[in-house]
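Colleague: Chain B: place on chain A using the hints.
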Amino acid sequence: MSDAERRDTIVRYPAGVRTNHWLLALSFVLAALSGLALFHPALFWFSGLFGGGPWTRILHPFIGLFMALVFVFLAATVWDDNRLQPADWKWLRQWRDVVNNREERLPEVGRYNAGQKLLFFVIVVCLAALVLSGIVMWRAYFSWYFPIGVIRLATLLHAVCAFVLVCAILVHIYAALWVKGSVHAMVRGTVTPGWAWKHHRAWFRQITHAAHPRTGRD
Amino acid sequence: MALQSLDIVRRSATTTPSPDARGSYTGTVAKLIDTTKCIGCKACQVACMEWNDLRDGIGTNVGSYQNPADLTENTWTLMRFTEYENPKGDLEWLIRKDGCMHCADPGCLKACPSPGAIVQYANGIVDFHEENCIGCGYCVTGCPFDIPRISKRDKKAYKCTLCSDRVAVGLEPACIKACPTGALVFGTKEDMQQHAAERVEDLKSRGFEHAGLYDPPGVGGTHVMYVLHHADQPQLYAGLAADPHISTFVRLWKGKTKPLALLVMGLTALAGFFHFVRVGPNEVDERDEAAARQTLEGGQTRRPSPDAGAAEKRP
Chain A
1 MSDAERRDTI
11 VRYPAGVRTN
21 HWLLALSFVL
31 AALSGLALFH
41 PALFWFSGLF
51 GGGPWTRILH
61 PFIGLFMALV
71 FVFLAATVWD
81 DNRLQPADWK
91 WLRQWRDVVN
101 NREERLPEVG
111 RYNAGQKLLF
121 FVIVVCLAAL
131 VLSGIVMWRA
141 YFSWYFPIGV
151 IRLATLLHAV
161 CAFVLVCAIL
171 VHIYAALWVK
181 GSVHAMVRGT
191 VTPGWAWKHH
201 RAWFRQITHA
211 AHPRTGRD
Chain B
1001 MALQSLDIVR
1011 RSATTTPSPD
1021 ARGSYTGTVA
1031 KLIDTTKCIG
1041 CKACQVACME
1051 WNDLRDGIGT
1061 NVGSYQNPAD
1071 LTENTWTLMR
1081 FTEYENPKGD
1091 LEWLIRKDGC
1101 MHCADPGCLK
1111 ACPSPGAIVQ
1121 YANGIVDFHE
1131 ENCIGCGYCV
1141 TGCPFDIPRI
1151 SKRDKKAYKC
1161 TLCSDRVAVG
1171 LEPACIKACP
1181 TGALVFGTKE
1191 DMQQHAAERV
1201 EDLKSRGFEH
1211 AGLYDPPGVG
1221 GTHVMYVLHH
1231 ADQPQLYAGL
1241 AADPHISTFV
1251 RLWKGKTKPL
1261 ALLVMGLTAL
1271 AGFFHFVRVG
1281 PNEVDERDEA
1291 AARQTLEGGQ
1301 TRRPSPDAGA
1311 AEKRP
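Taken in order, these protein sequences are the chains called A and B.
Take 1 as the starting number for the first sequence in my numbering and just add one per residue.
Take 1001 as the starting number for the second sequence in my numbering and just add one per residue.
Bound conformation, chain A alone (with noise of 0.2 Å):
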């Protein structure tokens, strides 16, 4: 780590990570944004910021499509972290502790939380669906293969998908300007020492390989 150390800083995200995600996040936001001008008359005017209605239906599922590619990538990096372990449960029916801020209380956490754990199994379920009812409803080039009854569903499961997709990436934003520091590990790769004791202290433990103390094992 002598890098890190250096700066007294740990490296989070190394800027492959960095890249990926901020080029899920940008698609992400523009997948959102035209669909969502398709999804309520009200968001309608989002339509203009893509250039109308029509560039709106051209545009919306190549951007999905480039989101579900550049998730495929970040996925594979990172599905390892994201295993559920026993302690997530413990974490997650801790919420309260959670959302009050009293980290003290909650299980030691490794690399990433069970929330986060859960917003990315959230997004890889919503993707590959969002994907696959995506073709069935993309009519200028696949919907002419699908009876009607399949394309009225997964445009059912298009919608339920996106919705569900929407309110987590909400979550996830939310929760990135609520822990400090976390917003500042995606864009610049680093975390202080104390953030990662505080907030993912099995990682902290893990990346510097100090002794736990109370199990006395690495």
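These are computed hints drawn from the structure, not numbers from a lab.
Honestly, I wouldn't trust all of these hints.
Stated by the list, open to error - Non-contacting residues of chain B with respect to chain A, defined by C-beta distances greater than 12 Å in every case (computed):
id, residue
1, 1023
2, 1027
3, 1082
4, 1086
5, 1193
6, 1205
7, 1220
8, 1232
9, 1236
Said to hold, decoys possible - Covered by chain A, according to a simulated footprint, are these stretches of chain B (three or more residues, beta-carbon under 8 Å):
id, segment
10, 1008-1021
11, 1243-1256
12, 1280-1287
Every value quoted in this text rests on a predicted model; they were computed, and no experiment measured them.
Positions of the beta carbon are idealized from the N, C-alpha and C atoms, including for glycine.
Modeller: Just chain B, lined up with the frame of chain A:
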């Protein structure tokens, strides 16, 4: 407003009321297609082509008189031919002029996300305004009759307009004008229902005991109606829907759920804001940094880690 005869009562993707000071007190219009009088001459198809300036490509023979094989963006009405062998063993040549039914409760209009791309006039006609069409195909998803067609060239949706331009100035639709047998008639919906009732009575007296009017209530009734010899089995007529209604999936997708979903999204964002206001940010303070430093120093003096660098590089 342009023409009183084209007053819009319903507009796609519009949540506020349409101007309705001028009511449709004179009633709505309807086209009545009497399949029992139709001889399959396709004059209506030709008249539709001529009036609307449509020219479909030359198709291929699919083994029946039906040509083109299906409705397209250039064929807004189509004679569908069915050879039906009735229980008595006789052949019946059932011919149905297919096209938009102009539902009172149009699934296409319900599904359309583009404001004003699909409208319903006070006279009952459901019309596509292609200049507002974005080409998503949701109208196809919403339609219970499989009518709208998206052009592969310009990606706009097309279907029968019930000659709204002609009706607006007091003319009958082009297909009606061309029909040589009187199988097609046009007038107020009330008159057409009355005329159909007479026809049905006549048919019943001539042995078609199941003759009846097709004006399906599942879509609120239609402004294109059929007189059928076998009204008990509409599906005999090239798969005419027996009980058409807007699909439950489409209702779920376009009903109350969407404004509700919008509300929940808004509340989610708002919940974040108020959480910040009430609980405040989760910040690292000096004690955390000190504890981390202590652990770091303690850990490293005890045992320098051989592969900490490798762990570092993990994303």
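Colleague: For a quick check of understanding: which of the numbered hints are violated here, in increasing order?
Modeller: When the structure is compared with the hints, none of them turns out to be violated.
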